[in-house]
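Asks: Counting in our numbering, the sequence shown runs from 22 upward without gaps.
Just to be clear, a hint being listed does not mean it is correct.
What the hints assert, rightly or not - With beta-carbon atoms standing in for the labels, derived distance ranges:
| id | residue 1 | residue 2 | range |
| --- | --- | --- | --- |
| 1 | 34 | 56 | 29 to 39 angstroms |
| 2 | 71 | 25 | 31 to 41 angstroms |
| 3 | 69 | 30 | 15 to 25 angstroms |
FYI, nobody ran anything at the bench for these hints, they're computed from the structure.
For every residue, glycine included, the Cβ atom is placed at its ideal position computed from N, Cα and C.
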Amino acid sequence: LVGSLAQRIAEVGRLPFLGSLDLVDPGAPGAARGNSVYRLGRVHPRFQVPAHLADDLAADPRPVLLVDDLVDTRWTLTVAGRLLRKAGATRVLPFALAQQG
22 LVGSLAQRIA
32 EVGRLPFLGS
42 LDLVDPGAPG
52 AARGNSVYRL
62 GRVHPRFQVP
72 AHLADDLAAD
82 PRPVLLVDDL
92 VDTRWTLTVA
102 GRLLRKAGAT
112 RVLPFALAQQ
122 G
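Using the sequences and the accompanying hints, generate a full structural model.
Replies: What follows is the structure, given as structure tokens:
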């Protein structure tokens, strides 16, 4: 769902579709209920910027539209945004299809 949504937004907005972040451990649990530190600890190690995306952003720094399906704790968007900024994105613009909580 997220990939096709991001591709369509990119197409309509005439933006380049840059792909997705890599999920380092797909079997690991995501952000569960608990305090903020606990939630961040579960989300932080799960994502990485793939080499092709890091190379693209390093060669041509630009704003990035970050698309997610569901936002609850907002830690996923925060961590992903930080990774993209470190990879060379000039700005990260988060977009979520739905918000929970």
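Asks: It remains to establish, for every hint, whether it holds in the given structure.
Replies: Evaluated hints:
1. 34 with 56: 29 to 39 angstroms: 37 angstroms, holds
2. 71 with 25: 31 to 41 angstroms: At roughly 19 angstroms between Cβ atoms, residue 25 and residue 71 fall outside 31 to 41 angstroms, so the hint is violated.
3. 69 with 30: 15 to 25 angstroms: 23 angstroms, holds
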